[in-house]
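Peer 1: Sequence:
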Amino acid sequence: MKHSMIQLDDLPDEILIMIFKNMCQADTVYSLIGVNQRFNTIVYDSIFTNHLTLFEHSSDGSICSFTDSMLEIFCSKILPKINHKIKYLHLESSSMERILLATNYPRLSFSTMIENLALSTLLELHVSVTNFSDCLYLLDGRFNQLHTFYVNIAYTRFSRLTINNTENLPNLKVFSLSCKTVTFDFDELIVPLLHRMINLEELGLFVKVRKKNTFVDGNNLKKNIINKMSRLNNFQFDIRSTIHIFNQINLPFNKDIQYIFKDFHNNLIISYVDYFSETQQAHCRTYSYPYLWNSYCEITNNFPSGLLFKYVLKISLHDERPFEHEFFLRIAQSFPLVKYLTLANNKPQNDKQNDDNKNLPIIKYPHLTALYLIVAHIDYIEQFLLHTKTHLSNNVDLFVVYHAIEKVTENFTRNTTRINCEKLNFLGIHGIYKIPQYVKEYFPNTEILNCEFE
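Residue numbers for the sequence shown follow numbering that gives the first Met the number 0, beginning at 0 and rising by one.
Check before you lean on any hint, since a few could be wrong.
[Unchecked claim] Simulated pairs of lysine-lysine, DSSO-like, Cα-Cα distance not exceeding 30 Å: (1) Lys-313 with Lys-179; (2) Lys-313 with Lys-422; (3) Lys-313 with Lys-338; (4) Lys-227 with Lys-211; (5) Lys-76 with Lys-172; (6) Lys-76 with Lys-86; (7) Lys-179 with Lys-86; (8) Lys-179 with Lys-227; (9) Lys-179 with Lys-338; (10) Lys-172 with Lys-309; (11) Lys-346 with Lys-227; (12) Lys-406 with Lys-179; (13) Lys-406 with Lys-313; (14) Lys-222 with Lys-210; (15) Lys-84 with Lys-172.
[Unchecked claim] Here are the simulated distance ranges between beta carbons: (16) Glu-446 with Pro-289: 20 to 28 Å; (17) Asn-410 with Gln-36: 54 to 62 Å; (18) His-83 with Arg-320: 50 to 58 Å; (19) Asn-410 with Pro-289: 41 to 49 Å; (20) Asn-35 with Ser-57: 30 to 38 Å; (21) Thr-180 with Leu-336: 19 to 27 Å; (22) Glu-201 with Asp-139: 20 to 28 Å; (23) Arg-195 with Arg-37: 45 to 53 Å.
Derived by calculation from the structure, the hints in this document are not laboratory data.
Built from N, CA and C at the ideal position, the CB exists for glycine as well.
Whole structure, please, built from the sequences with the hints as guidance.
Peer 2: Rendered as structure tokens:
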């Protein structure tokens, strides 16, 4: 360890900064402060201290607090030394009070601290919380001067806790709520909260809603949100709503939803409806464009052409109809910076081409680092591995079922899949206990592990 530390310390500051920027910022600060004066100077830089995320993600994606010992080091030794440089703190609910009371944060626009987190001079807050109740706690009057509030909620559901959630929030001007899990209580929880924001000027909503028989469409948004906020001048949103179709009912066509938004002048409004007969569901997606979020989930064949999503890094593809080569071309063009791609589709392609077909445009994903094809038909594994169809970048992690990739690569002998397979950094295989030697030889530059997926 001493030898490797000497080698690291021999690198110039510019190289060290490049290395540390690719690490978790909180981990960088925690690990390197106190090692030596040079490292202290580097990690005290605003590059690493302006934005701090002081929580972790567990293996299932849920948010959890740092360990008690790690929190103690941050609160007693680190935060008091860098407090004047911190602009944004991303916190989780159980450790929030401890962190906020550890020191003053002058660049977060508050200086006095009152018992029970009654921080009356806090003006702006960016936070991640576990449930909707945590959000309501933060808006129960203890931050009565708050004008900007960005909240990421893990779960949105009813709570039996008694919280003051009826008082208006007249000082709040900017509010953004993001929740990637399904909420069944949009009208009962989120809409009443928004009605308290009587002077809101900017609103962001990123939610997935399940309702009984009506979409969260243009009529719903205008009636329950737009018409209630006379000062609202900027509304950025991505709302995906799902209903069950048990009987034949009249559902809106895409053109009907577009017409509802004819009075929205701030942004282009994109909306479309997908019908899934196998699951008896209908999905309505409505969002503002330009699209400002970093993920776009459940993309179907109805995905509109000609749009550019320059902030999106993570996408998922799902449909009951097959994805053809032209669809993947549209995806690559619309999401040029995508890093993580998940595909769920068990329908075979209709327009498969032979390996030696030279007429197909080769699709490129220059920034792709992870490809999840566990629940994909073998045609889509072939779509990504044939170098005559797709050009993969180096160092991609691929997750597949063993018998599927065995068939696509013709028992790991196929030349037209070999080029992309040699570029893989990691291969996670489901469905085999011991990796045969000939499989390892087909992926000479790849770490291969047996992975079990739920």
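Peer 1: All the hints need checking, so say for each whether the structure fits it.
Peer 2: Now for the hints, and whether the structure bears them out:
no., hint, in the structure
1, Lys-313 with Lys-179, "holds, 13 Å"
2, Lys-313 with Lys-422, "holds, 21 Å"
3, Lys-313 with Lys-338, "holds, 6 Å"
4, Lys-227 with Lys-211, "holds, 24 Å"
5, Lys-76 with Lys-172, "violated, 35 Å"
6, Lys-76 with Lys-86, "holds, 18 Å"
7, Lys-179 with Lys-86, "holds, 25 Å"
8, Lys-179 with Lys-227, "holds, 25 Å"
9, Lys-179 with Lys-338, "holds, 18 Å"
10, Lys-172 with Lys-309, "holds, 27 Å"
11, Lys-346 with Lys-227, "violated, 44 Å"
12, Lys-406 with Lys-179, "violated, 35 Å"
13, Lys-406 with Lys-313, "holds, 28 Å"
14, Lys-222 with Lys-210, "holds, 17 Å"
15, Lys-84 with Lys-172, "holds, 25 Å"
16, Glu-446 with Pro-289: 20 to 28 Å, "violated, 38 Å"
17, Asn-410 with Gln-36: 54 to 62 Å, "holds, 58 Å"
18, His-83 with Arg-320: 50 to 58 Å, "holds, 56 Å"
19, Asn-410 with Pro-289: 41 to 49 Å, "holds, 47 Å"
20, Asn-35 with Ser-57: 30 to 38 Å, "holds, 33 Å"
21, Thr-180 with Leu-336: 19 to 27 Å, "holds, 25 Å"
22, Glu-201 with Asp-139: 20 to 28 Å, "holds, 22 Å"
23, Arg-195 with Arg-37: 45 to 53 Å, "holds, 50 Å"
Hints 5, 11, 12 and 16 from the list above are not met by this structure, while the remaining hints are.
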